[in-house]
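Residue numbers (the working numbering): 137 to 439.
It is worth saying that the hints were derived from the structure and are not from the lab. A few of these clues could be false.
Straight-line distance between alpha carbons at most 30 angstroms, and here's what the computed DSS-like set of lysine-lysine pairs gives [claimed, not checked]: (1) Lys395 x Lys232; (2) Lys412 x Lys145; (3) Lys412 x Lys395.
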Amino acid sequence: MRKPLSLRKGDVIAVFAPAGPVDAGRLARGIARLSAAGFVPEIADGVLAAEGYFAGDDAHRARQVEWALTLPEARAVMAARGGYGTTRILPRIDWKRAIRRRKVIVGFSDMTAVLSYLSTRLGFPCLHGPMASADLASRFDAGALDAFARLAAGEVSPREPWGEPMERVRGGAAEGVLAGGCLSVLTALLGTPYEPDFRGALLFLEDVGEPAYRIDRMLTQWIQSGRLSKISAIVVGTMAPARGESIDELRRVFHDAGKQLSVPVRYGFPAGHEGKNVALPFGVRARIDARGRLFLLDSPVEA
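Based on the provided sequences and hints, a complete structural model is requested.
Structure, rendered in structure tokens:
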């Protein structure tokens, strides 16, 4: 496995916009917080471009990604925000060449398309974690940013419980390779060359604003396709129920999915669109114990 090189205080993080248009004020707040944490953010030219619901056309966004991935001084690349549009530019990037530069690649939401493809198909660990004009700007949590910094620096022990204990929905302990992301983005990759391979995965799932029946529909598509037949467990992020629904309805949907797959289900890891966004390393082994604690058994970076 080729891993990214570790990220330390004082290193450059290249910030780009692969999906939705970026708000200048939110970006400024997020950049200030990265700087205060000891990193050196460099922002892509044209990051504030807007064309409908995109941060510029496909070619413009792809150039930003290429710039970030090839910037010599950058040790990490971070999406400014999610939204929609990352899947459209996947064919425009030479990903096999990009990962040879061994940069930490971080984001969540629409960046799921990149993280899941690189970590499961190309064997390159990535971080499901903060974005400059998303969680770093609007729901900043100093502990979550510190967790990202420690994980990217390779400073997390396999004996250290990561995040917070999760609620048991079904079954007990499990072990596998962490993978997953935003469920609706993952589902949009089914049948494409960028579809993730979840065999042996400790599958992390989260989403935002999706009613229970739509979560059920997406999980059903994954289950009926046979693509989840080899996973070891499902870990659900801190998802907020849709208006008029309850957490119990979401729990029931994931319980039913776990029952069909005969795997454990844990609910409430503090990552994703809701509340604290604790970074998770995709592409490395992890374990959930009988108390619902997550342990990262390997580092996603090389010192």
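Consistency of the hints with the structure:
For a cut-off of 30 angstroms, the pair hint linking Lys395 to Lys232 is broken: about 37 angstroms separates their Cα positions. Under the criterion of a C-alpha separation no larger than 30 angstroms, the hint pairing Lys412 with Lys145 is consistent with the structure, at around 22 angstroms. A C-alpha spacing of about 28 angstroms is found between Lys412 and Lys395, which places the hinted pair at or below 30 angstroms, so the restraint holds.
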